[in-house]
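*Asks:* Sequence:
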Amino acid sequence: MSVPYIESSSYKAPPLFSNGHLQTLYPYFFRKIHDVKFERSRFNTICGDFLDVDLSLIGSDELVIVSHGLEGSSDSQYIKGMTKHFNMNGKDVLAWNMRSCSGELNKQPGFYHAGMTDDLDLMVQYGLKHSYKKIFLVGFSLGANLTALYLGQRASQLAPAISSAAIFSAPCDLGKSAEKISRRRYRFYLESFLITMRQKIKDKSQMMDLGVSLEGIDKIKSFQEFDDRFTGPLHGFKDGSHYYKEVSCKPWLEKINIPTLIVNAKDDPFLTKECFPIEEARRNKNIFLEIPKTGGHVGFVSFNSDRLYWSEERAHDFFKNIG
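Every number in the working numbering is 85 more than the matching position in the sequence shown, counting from 1.
Hints are not guaranteed to be accurate.
Straight line, CA to CA, 27 Å or less: simulated DSS-like cross-link-like pairs of lysine-lysine [to be verified]:
1. K117 x K378
2. K287 x K117
3. K261 x K122
4. K285 x K323
5. K358 x K306
6. K261 x K340
7. K219 x K351
8. K340 x K285
9. K306 x K323
10. K289 x K323
11. K261 x K219
12. K351 x K97
13. K285 x K304
Quick list of simulated restraints, FRET-style, between CB atoms [unchecked claim]:
14. E276 x S298: 17 to 23 Å
15. V297 x L142: 21 to 27 Å
16. K330 x K117: 19 to 25 Å
17. E124 x S95: 49 to 55 Å
18. G175 x P245: 31 to 37 Å
19. R392 x L142: 35 to 41 Å
20. F278 x D324: 33 to 39 Å
21. P245 x R268: 40 to 46 Å
22. S241 x K214: 20 to 26 Å
23. G321 x F278: 35 to 41 Å
24. G301 x A246: 47 to 53 Å
25. S298 x L243: 37 to 43 Å
Treat the hints as calculated values from the structure; they're not laboratory data.
Predicted model only: the values in this text are computed from it and were never measured.
For glycine and all other residues, C-beta sits at the position ideal for the given N, C-alpha and C.
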């Protein structure tokens with residue numbers, strides 16, 4: 086049965102945490118998870134690049150593949166929180182770092198973007214090679230878009246072991262999301278991303294010829310401009326608009342053929358109304374769209390003895406009951 090809108094979301098914000106900005110910023114600055122043990126491996130790509138992958142293995146026959154958001158990594162607290170919860174509940178976890186996000190710049194001129202499904206597929210192939218009975222996918226923000234895009238584009242090719250997926254804070258329409266974050270009132274978020282993104286461009290330009298001009302890079306004031314000048318050209322797109330159109334997951338949601346939970350909070354400061362795929366969920370019984378009243382962007386703050394957040398419990402419960 087299709088569930089286009091789960092009106093009775095189980096997420097209840099703690100007192101004073103009904104503000105989307107607080108939900109977004111509090112975990113970034115204050116959440117700390119120390120008791121997750123990763124073992125790093127390096128996966129080589131067919132294009133001569135590499136991906137650093139952190140594995141937290143407990144000897145399970147089920148694997149959860151977790152994809153981080155823009156300028157995140159396996160060291161992001163939301164990745165560690167998800168890893169901890171699934172380890173506690175008997176599952177191995179693979180937390181991969183997108184190109185340039187592991188602390189070491191990658192070898193190719195391009196970096197990573199919201200549509201690099203081949204890289205996610207490399208993680209899935211690891212799970213298949215190691216004969217996991219079930220493989221679950223989890224994505225946050227940019228990684229949420231990437232996960233949904235992967236499932237939609239490769240629906241007819243998915244291995245039976247890929248059981249279900251859960252994605253959080255998904256910018257299903259990348260162009261609209263980029264436009265919103267570039268507004269003056271959201272400038273803090275924009276600059277926090279651009280600081281590291283600009284630096285990566287500068288650092289890599291010292292390693293190789295990128296074929297793009299760095300003139301005025303520090304004056305960039307929007308995602309559209311950054312993607313016009315760098316993300317697009319470095320990854321085979323004409324410009325930012327072409328990039329957004331080609332890799333936004335929204336047009337592909339109707340193709341998804343495994344149970345997929347999409348959780349986008351109403352007060353997410355990164356999302357516009359176009360990022361809430363209610364009609365797509367209504368048309369596809371495999372899409373379970375949940376829209377909590379609050380939760381911010383990759384927030385869903387909870388206070389409990391295990392220091393686990395609602396998103397971690399929600400993903401586990403969804404996989405347990407559906408997958």
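*Asks:* So, for every hint listed, does it hold in this structure?
*Replies:* How the hints compare with the structure:
1. K117 x K378: OK: K117 and K378 at ~25 Å, within 27 Å.
2. K287 x K117: violated, 30 Å
3. K261 x K122: violated, 37 Å
4. K285 x K323: holds, 21 Å
5. K358 x K306: holds, 23 Å
6. K261 x K340: holds, 22 Å
7. K219 x K351: violated, 32 Å
8. K340 x K285: violated, 35 Å
9. K306 x K323: holds, 20 Å
10. K289 x K323: Roughly 21 Å between the alpha carbons, so the hint for K289 and K323 holds.
11. K261 x K219: violated, 35 Å
12. K351 x K97: holds, 13 Å
13. K285 x K304: Holds, because 15 Å separates the two Cα atoms, which is no more than 27 Å.
14. E276 x S298: 17 to 23 Å: Given a distance of about 21 Å, which is inside 17 to 23 Å, the answer is holds.
15. V297 x L142: 21 to 27 Å: violated, 40 Å
16. K330 x K117: 19 to 25 Å: Taking Cβ atoms as reference, K330 and K117 lie about 39 Å apart, which means the hint is violated.
17. E124 x S95: 49 to 55 Å: violated, 33 Å
18. G175 x P245: 31 to 37 Å: The hinted range 31 to 37 Å is violated for G175 and P245, with Cβ atoms some 21 Å apart.
19. R392 x L142: 35 to 41 Å: violated, 22 Å
20. F278 x D324: 33 to 39 Å: Cβ of F278 to Cβ of D324: about 19 Å, so the range 33 to 39 Å is violated.
21. P245 x R268: 40 to 46 Å: holds, 44 Å
22. S241 x K214: 20 to 26 Å: Holds: the Cβ-Cβ distance is about 21 Å, inside 20 to 26 Å.
23. G321 x F278: 35 to 41 Å: Cβ of G321 to Cβ of F278: about 22 Å, so the range 35 to 41 Å is violated.
24. G301 x A246: 47 to 53 Å: Taking Cβ atoms as reference, G301 and A246 lie about 48 Å apart, which means the hint holds.
25. S298 x L243: 37 to 43 Å: holds, 41 Å
When the structure is compared with the earlier hints, violations turn up for hints 2, 3, 7, 8, 11, 15, 16, 17, 18, 19, 20, 23 and for no others.
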